[in-house]
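K.L.:
Each chain, written out:
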Amino acid sequence: MIRCEQLKKKFRRSTVLSNISFQIDEPKIIALIGRNGTGKSTLLRLIAGHLKPTAGKIEVLGHNPFNHLQVAANTIFIEEHLTFPSPFTLADILKQGATFYENWQQELAEKLLAYANISLRSYHEQLSTGQRATFNLVYGLATRCTITLLDEPMNGMDEAIRADFYRAILKEYIAYPRLIIISSHYLSEMEHLIEDILCIHKGVIELHAQLDEVQTFAVKLRGDKEQIAPFIERIEVLHEYDEAPFYEVVVPAANVDIEALQTKDVFVLNVSASEVCKYITSEAKEGIDHVFK
Amino acid sequence: MSLNDVSIMQNVKKQVWWKLSSYSSVFMTIIAVQIMASFLTLNGTSHMSSGNDELRVEVSSYSLDSILMFSMVTVFIISSMLASKHMMEENFSIVTTRLTASISTVVAQLIICVIATCTALSSFYIFTLVMRMRNSEEQFLVQMAVEVETLFLFFSLLVVLSAAGFLVGSFLQMNRWSIAIIGVAVIIGLFIYLVPSYETISSQDEEAIARIWLTSLKCLGISTVIYAVTIYIRNQQEVSRR
Chain A
2 MIRCEQLKKK
12 FRRSTVLSNI
22 SFQIDEPKII
32 ALIGRNGTGK
42 STLLRLIAGH
52 LKPTAGKIEV
62 LGHNPFNHLQ
72 VAANTIFIEE
82 HLTFPSPFTL
92 ADILKQGATF
102 YENWQQELAE
112 KLLAYANISL
122 RSYHEQLSTG
132 QRATFNLVYG
142 LATRCTITLL
152 DEPMNGMDEA
162 IRADFYRAIL
172 KEYIAYPRLI
182 IISSHYLSEM
192 EHLIEDILCI
202 HKGVIELHAQ
212 LDEVQTFAVK
222 LRGDKEQIAP
232 FIERIEVLHE
242 YDEAPFYEVV
252 VPAANVDIEA
262 LQTKDVFVLN
272 VSASEVCKYI
282 TSEAKEGIDH
292 VFK
Chain B
7 MSLNDVSIMQ
17 NVKKQVWWKL
27 SSYSSVFMTI
37 IAVQIMASFL
47 TLNGTSHMSS
57 GNDELRVEVS
67 SYSLDSILMF
77 SMVTVFIISS
87 MLASKHMMEE
97 NFSIVTTRLT
107 ASISTVVAQL
117 IICVIATCTA
127 LSSFYIFTLV
137 MRMRNSEEQF
147 LVQMAVEVET
157 LFLFFSLLVV
167 LSAAGFLVGS
177 FLQMNRWSIA
187 IIGVAVIIGL
197 FIYLVPSYET
207 ISSQDEEAIA
217 RIWLTSLKCL
227 GISTVIYAVT
237 IYIRNQQEVS
247 RR
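Protein chains in written order, with the working numbering: chain A, 2 to 294; chain B, 7 to 248.
The shape of chain A in the complex, shown without the other chains (with noise of 0.2 Å):
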């Protein structure tokens, strides 16, 4: 459905995105994850079509998206800063999109909304920013479109309409099922959700990997420092907190030996795939204890 190799993408002297590769060939629901400003947004447009790579290749349902109908057809792309036509009401702006989208879901969209007490006689413009979030999570989620790119969609949302609205996307996959990447700094809010995790730092792809190998792939040691210091000499340390009398590391699960660990009174605690990115993409293994030292 969508393969890229060696993506790059510069603006003007910056480049954002250095050298990407990926595959994804079937519907399923993928977390885009990454700190801020390491191109997730960018790689979506790219996807959708909104921007030209400056090298490398990008293929969404076999043709290069830049200015293709059928791949613009198939794909939504749902951002914070989408807009309408100003004169439109909302109601106004889904009985366009019944227009475009071949799939287009009315009566869905119509009851989302009125859950989230938005009203279809309401102006997009004059929307608070959470109920804007709201409309256009709607709005692609009644696209039906074959491939859908959130960006950031619950930004602005409150936790409750969150938590709904991550239940509504589930739902609306399970009952046609699509590719959705979710583009999202709340990667723990969704873990129950989604099947891959694709993160980007520094303009690559640190991790593509499915979320049980994500959620089983580094352990914490918690304990001894002296005790634990000889099962972590030749490896990879992701983190590390050690503020006497607490010491605790965060290193690969396959490159420890945890039975060994465990009869030397060291806590072996499973990491989240949220703090799996966050460990994978922190510029200090200490992290930000390491600026008040």
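Do not take every clue at face value.
To be verified - Restricting the straight-line Cα-Cα distance to at most 25 Å, the calculated cross-link-like pairs of lysine-lysine (PhoX-like) are: (1) A:K53 - B:K224; (2) B:K19 - A:K96; (3) B:K20 - A:K96; (4) A:K11 - B:K20; (5) A:K58 - A:K29.
Unchecked claim - Calculated from the model, a selection of chain A residues having no Cβ within reach of chain B, i.e. all distances over 12 Å: (6) D93; (7) N104; (8) H125; (9) S129; (10) A161; (11) K221; (12) D266.
For the record, the hints were derived by calculation from the structure and aren't laboratory data. All C-beta atoms in this analysis are idealised placements derived from N, C-alpha and C, irrespective of residue type, glycine included.
Following the hints, position chain B against chain A.
P.N.:
Then chain B, alone, in the frame of chain A:
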């Protein structure tokens, strides 16, 4: 999973309707400007009178020129606005490509020009009749009809300005002032090229009529070239909603 297939023609048709319904206020603006032009310039009235103690003859000529000038400026501004970054961003909230977005904008602009020509003619007649009704003296109507070739020239000139506005708007979107200046220079050049022919519009002989048709065709030819260049430029432009 089956994919939706859309033809360029279908997509353009839907977008034209979408654009006309989203910017319906444009038509009201044009009508308002034309009515204002009629009032401000009294339909470009020129008077010629002569007489003696017993008889006084006054000949009033009404012209579409002032309405044309105001309409041209309005159409230019509207077309450059339709090429703005904001409009491009809005366009990408529906199924579109740069090509279909540009073609549909051109079609919408042509429709605006047709409507502007019709409303110009209507406001011209309405205002002329109002002027004549206000005058209580005996009147003779020498000629009231506007010739087809005049209307066609009116429409063609609007199309040129519309194309020029679209080009300038697209250049400005690239945020390169130097290119915008070149665009404006091209438009001024066009006027210098077109205006000598346009001066013949008041003549009534066959040669003059032929020149009017020729000027109109020149205008449409130039518009086609400008539109083609603009569509090519817009086809390369990226969309960023930030």
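K.L.:
Work down the list of hints and note, for each, if the structure agrees.
P.N.:
Results of checking the hints against the structure:
no.	hint	in the structure
1	A:K53 - B:K224	36 Å, violated
2	B:K19 - A:K96	16 Å, holds
3	B:K20 - A:K96	12 Å, holds
4	A:K11 - B:K20	34 Å, violated
5	A:K58 - A:K29	22 Å, holds
6	D93	8 Å, violated
7	N104	7 Å, violated
8	H125	10 Å, violated
9	S129	19 Å, holds
10	A161	27 Å, holds
11	K221	38 Å, holds
12	D266	52 Å, holds
Of the hints listed earlier, those the structure fails to meet are numbers 1, 4, 6, 7 and 8, in rising order.
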